[in-house]
Amino acid sequence: MRVSVVGAGLGGLALAQGLRGAGIEADVFERDPGIVARFQGYRLVLNLIGFQAVRDCLPARWHPLLDEIVMDASAEQLILDPQLNEIGKLGAGRTGIVVDRQVLRHLLLTGLTVHTDAGLTGYDVLADGKVQAQFARRDPATADLLVGADGVTSAVRGVLSPQTTPTDTGVRFVIGRTPLTDEFASLSKAYGSKIAGDGVSLLLGAMRFRTPPKQAAEQLAPEVTLPDICDYVRWAMILPPNGSLGDLTAQDAVLSRMEGWHPELRALIEQADPDNSTLLSIRVVKPGERWASGPVTLLGDAIHATSPTGGNGANTALRDADLLRRCLIEANEGRQDLLSAVDDYERQMFEYGAEAVRSSLERLPAFVPEAKLS
Numbered sequence: 001m002r003v004s005v006v007g008a009g010l011g012g013l014a015l016a017q018g019l020r021g022a023g024i025e026a027d028v029f030e031r032d033p034g035i036v037a038r039f040q041g042y043r044l045v046l047n048l049i050g051f052q053a054v055r056d057c058l059p060a061r062w063h064p065l066l067d068e069i070v071m072d073a074s075a076e077q078l079i080l081d082p083q084l085n086e087i088g089k090l091g092a093g094r095t096g097i098v099v100d101r102q103v104l105r106h107l108l109l110t111g112l113t114v115h116t117d118a119g120l121t122g123y124d125v126l127a128d129g130k131v132q133a134q135f136a137r138r139d140p141a142t143a144d145l146l147v148g149a150d151g152v153t154s155a156v157r158g159v160l161s162p163q164t165t166p167t168d169t170g171v172r173f174v175i176g177r178t179p180l181t182d183e184f185a186s187l188s189k190a191y192g193s194k195i196a197g198d199g200v201s202l203l204l205g206a207m208r209f210r211t212p213p214k215q216a217a218e219q220l221a222p223e224v225t226l227p228d229i230c231d232y233v234r235w236a237m238i239l240p241p242n243g244s245l246g247d248l249t250a251q252d253a254v255l256s257r258m259e260g261w262h263p264e265l266r267a268l269i270e271q272a273d274p275d276n277s278t279l280l281s282i283r284v285v286k287p288g289e290r291w292a293s294g295p296v297t298l299l300g301d302a303i304h305a306t307s308p309t310g311g312n313g314a315n316t317a318l319r320d321a322d323l324l325r326r327c328l329i330e331a332n333e334g335r336q337d338l339l340s341a342v343d344d345y346e347r348q349m350f351e352y353g354a355e356a357v358r359s360s361l362e363r364l365p366a367f368v369p370e371a372k373l374s
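Residue numbers (the UniProt record's numbering): 1 to 374.
Because the hints were derived from the structure by calculation, they are not lab data. None of the hints are false.
No farther apart than 25 Å at their CA atoms in a straight line, the calculated lysine to any residue pairs in the SDA-like style are these: (1) 130 with 293; (2) 89 with 172; (3) 189 with 229; (4) 189 with 84; (5) 286 with 240; (6) 214 with 34; (7) 89 with 362; (8) 286 with 153; (9) 130 with 23; (10) 130 with 339; (11) 130 with 31; (12) 286 with 308; (13) 214 with 110; (14) 189 with 78; (15) 214 with 96; (16) 89 with 47; (17) 89 with 196; (18) 189 with 71; (19) 214 with 72; (20) 89 with 186; (21) 89 with 365; (22) 214 with 63; (23) 89 with 261; (24) 130 with 160; (25) 130 with 292; (26) 130 with 347; (27) 130 with 158.
Label pairs and their computed distance ranges (CB to CB): (28) 117 with 189: 43 to 53 Å; (29) 61 with 271: 37 to 47 Å; (30) 181 with 227: 11 to 21 Å; (31) 165 with 248: 20 to 30 Å; (32) 32 with 111: 12 to 22 Å; (33) 111 with 248: 36 to 46 Å; (34) 132 with 219: 42 to 52 Å.
As the structure is a prediction and not an experimental result, all values here were calculated from the model. The beta carbon of each residue, even a glycine, is placed where N, CA and C say it ideally should be.
Required output: the full structure, derived from the provided sequences and hints.
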């Protein structure tokens, strides 16, 4: 069996790793001109399902390294005012596994065949049931299954399910990171909490490594090369719809909303790495009616993009990858045919994927009451 995976995000890479470990050929096609053409690193909280999924997709020999580059997370999830005074509780304390997305992505990339500058332009299902993917700047690729793991603007989804389109909530999300130094020690109670300002919310999270990732890889899995990253604070501000930002940078957009805030909060944003700060629109993709199962399917944000306030986007994509991996192994070993395996995957994925989108949107008004949820 051969599988073409379009998209080199966490879900697509986890699937490719899992298939590779099962002896199934998997090629990854990425539209970016290079593996690190854009910044893809920030702190993620994986739940037990998401963490177990990525663990099961990785070779067992890398499990000690995976365990070394993550940390346990627990947060009381307070609501603080801009002077860091507690004014309420956001909800039950959140627990999980914290990992840096860029570090995890580099681990998942190890050993895979990834074709960059490969923007998909379309695909054809051939007479023999296989599928041929066409790309703008490379030769076509033929496989038994084509998996669209290419995000909110999925080119694969545009052909497979053109009626399924992203919905823009109107909300903007500014995210960045700042080196974690002693200067910000007094902010520790704010990590994992929401700081509620005038119509905006600022979220902070600390990323502390047990061992620096590059060093951990050298010690535990020398064939793996991980980025040289130090401890940092991940910050994110959720901005309401219809606010004009002009030509402001991500940092300036946040600082413009922080007049009169605690000086250490402002210093945290001022000292952020500008290359690792960005402004994004929050768009969601709701799974609609299922298509007839065939040799093309979707994974992750391509079919169920969630609001980041749900904290379940990466978890759901990794769950997809592990579920599809298991279904394809069954087909490869002759326990069911390929289309039945894909149908089994899609039936389950549509159900929990729709729930992930719904729950993420339910949480959005707690951060931005003006958000459009229809």
